[in-house]
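**Student:** Taking the hints into account, I'd like the entire structure generated from these sequences.
Protein chains in written order, with this note's numbering: chain A, 1 to 525; chain B, 1 to 331.
No lab work stands behind these hints, which were simulated from the structure alone.
Some hints here could point you the wrong way.
[Said to hold, decoys possible] Calculated lysine to any residue pairs in the SDA-like style (CA-CA distance at most 20 Å, straight line):
no., chain 1, residue 1, chain 2, residue 2
1, A, Lys-308, B, Glu-310
2, A, Lys-18, B, Leu-191
3, A, Lys-512, A, Asp-380
4, A, Lys-239, B, Val-323
5, A, Lys-412, B, Arg-76
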Amino acid sequence: MKKAEEILNDVDLQSPKKEEQLFRKGTYCYSAPLKHQNYLGLPNPREWNPADLDWKLPKNWKEIILEGMAKLLKRHRSFRLFLDICVRCGACGDKCHFFLGTGDPNNMPVLRAELIRSVYKRYFTVSGRLFGELVGARELTEDVIKEWFYYFFQCTECRRCSVYCPYGIDTCEITMMVRELLNLVGCNIQWVVEPASNCFRTGNHLGVPPHAMKETFDFALDEIKDLTGLSVEAPINRKGAEILFVAPSADYFANPHWYTFLGYLMLFHEIGLDYTWSTYASEGGNFGLFHSSELMKRLNAKIYAEAKRLGVKWILGGECGHMWRVIHQYMDTMNGPADFLEVPVSPITGTRFEQAKSTKMVHISEFTADLIYNNKLRLDKTRNDRWVVTFHDSCNTARSMGLLEEPRYIIKKVCNNFYEMPENTIREKTFCCGSGAGLGADENLEMRLKGGFPRANAVKYVKEKHGVNMVACMCAIDKASLPQLLDYWVSGVEVCGVHELVGNALLMKGEKVREKNLRGEPLTD
Amino acid sequence: MPVLYASLLTLFLILIPGIGIGLFNMKALFGIVVLYGAFLIFISGVIYRVIIWAKSPVPFSIPTVCGQAKSLPWIRQNKIESPHTSWGVIKRMLLEVLFFRSLLRNEKGRLKTGGRLLFYRNLLLWFGGVLFHWSLFIIIIRHLRLFLEPVPSFVEFIYGLDGLFELFTPPLLITDLLILLGIIYLFFRRLFDPQTRYISISTDYFPLMLIFAIVITGLLIRHVQKVDIMGIKAFLIGLFSFNPSLPKESNTIFYIHLFLVATLLSYLPFSKLIHMAGVFFSPTRNLKNSSRMERHINPWDYPVLVHTYEEWEDEFRAAMKDVGLPVEKEN
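**Tutor:** Set out below in structure tokens:
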């Protein structure tokens, strides 16, 4: 691994240089294991390796791709329109974190799209058929497939380019379409297919079976007992509860997600929420989103199905980014209508969540912000005094939902020290962590660090200016990837969820004097 | 290379009517047939493209949200960048189409020594775009005075406003200069900004050159080799009332101007210039951010294979019972 000072040496944004050798170690993700391809029933299942010359594509691969393209063009206005109307003005060029971190021109959104636009022109437009290269059309070859795989698994579907494009052209849409096409000939990555397959079988990405999940919950409850002296309950699969709570599974298995998990449990206990977790719908995240709309729907179906089985009134969702893209923009369309549920009403404040009246699922930060606004929580900000906090908007909650103020409101109510990163790196202009859309693997670490560089750079700025030592976020992928990213580029800055900070500040009835925060560290230095 | 192709093509296009009229005086071809043909291609081409887009559905609600959504009543919503009503969407689209709002966000990233990434506000592209498109729009509006009798008052008004600088007779029109400025900026930006140069292909340079040539020939017949405006108007009105007669005008530049406009019209539907119509269809901008409030319907939705609760419990029942988790069936 190169050092932070060296990794940018060959990056020159002013004279973009194309990557000469695709599939260099550290830049790409491994292929999906056969077992999981088979479990999900994916096309052309086989053992293969992107670094090999022979990708073992089916004999009629070209026909399959072109037929697939014709079908997608018919099904998605976005796809055809975005291929048709780009004028290559270049406004998107330096908005992509992967371009800013690599200087590779194919990472400019306009050229990423051009990788397939050129093929679209050749096979689906009159001018491309007639004039070929002159109008930017090109033949579909195996090398094109490889290029697609390389660069469309180097897009985190963060939608930042779409904010800056005068036509709103969304590279995320293009990437989703190309990944659908690659699936048709069996080309997808381990870090997408394996979690999706796990989720399909066990209910969550990590493949945790229900009994192991129960044990983890018991472990968390013990920890809370140690910290607060309180016996907290975590109802699981309880029929007749008012609310089903669904969080990304990383929250109860990974670090630093774990402390957010503790935060949820403490909050729900304190307000006496009538709720339940589920082991069947034990995953809020949805790696199907990074694979195909069909797989997204297959995985997402569990949430409504479980809400129906348990007989809850509505659903509350935890801190996660892409999970909320699916819930906000896809779930109701795919697996609704949720007419067996009720319009969400907070049992504590009586607030009716009008913004979720059809989907019937509320984001935890909407729920908690409402609690705090109505003075239902007693909070001691000083318990977070150890931290100087900044907030990283996750791409999906920012650009697909517009959930911007809720988390900020909460943070300001539970922390004394809060500073924003520069304006052009937050809210709708937020920079991706570099590991979204299924790219959070180990084998592509170098690429992830490059992709995360703009985000880290903004954190470094507030660290130097304000002494920021904690990045709060509401995304499981962020929580998994930012610690490593910040260690590499910044060092000395930690990562937490918003509900970890809530858990720290929350004054609970009957709790003992707290000496430690949820991480088991002294409350102040 | 792309610039070379584009310039050769433009020159070639100038030569066609240049030779056709200059040497062979083919007025019927360049004055009537070509124009009717171009209009036919333009109208049917645009309709064809729009129908194709309109026919393909928008299966999911995918607006790109650029501001605070409608949420709790005490949180201030950004009603334009995160609209939850159709009126909000209309405002968002108008700002986008009329004022290129998204380009106002533009900034340039620069990597400084020591690995510091800095961003600079950059409104030049916005400015160049506005200059070009608005000038073009006004020029088209004031050309209406050559097609309509009596001339509508707004056209007269715009024409008068545009000609405020009465340096010459007829007055030099401001938008003619502004559009040239816009085109020159956009052209040299493509040529000299390294990132933009890298992404540009011949079909990016060609429309700029074509429109540049149209403006120049237009200026020439207005100010240098002046044409008989009343004669041209009679010709154009005849053309548009489907009662064409051969134009009396013998100025070759006039026919070059006409031919290049005809080329632009027939090129537009089959090129990136169709963004003119396409921008209105963009689902990331023209959809409401209300997908949790109102159900969006996918017309091609189909049932998928799911892993049901029953199948799932069958696999894990024994272990669940061991740790005391409730189950539906005992075995």
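**Student:** Given the proposed pairing of Lys-18 of chain A with Leu-191 of chain B, does the C-alpha separation stay at or below 20 Å?
**Tutor:** holds, 19 Å
**Student:** Does Glu-310 of chain B lie within 20 Å of Lys-308 of chain A when you go C-alpha to C-alpha?
**Tutor:** holds, 13 Å
**Student:** Check whether the Cα positions of Lys-239 of chain A and Val-323 of chain B lie no farther apart than 20 Å.
**Tutor:** holds, 17 Å
**Student:** Just to be careful, I want the Cα atoms of Lys-412 of chain A and Arg-76 of chain B compared with a cutoff of 20 Å; is the pair within it?
**Tutor:** holds, 16 Å
**Student:** Starting from Lys-512 of chain A, check that the Cα of Asp-380 of chain A is at most 20 Å away, please.
**Tutor:** holds, 14 Å
The structure agrees with every numbered hint stated previously.
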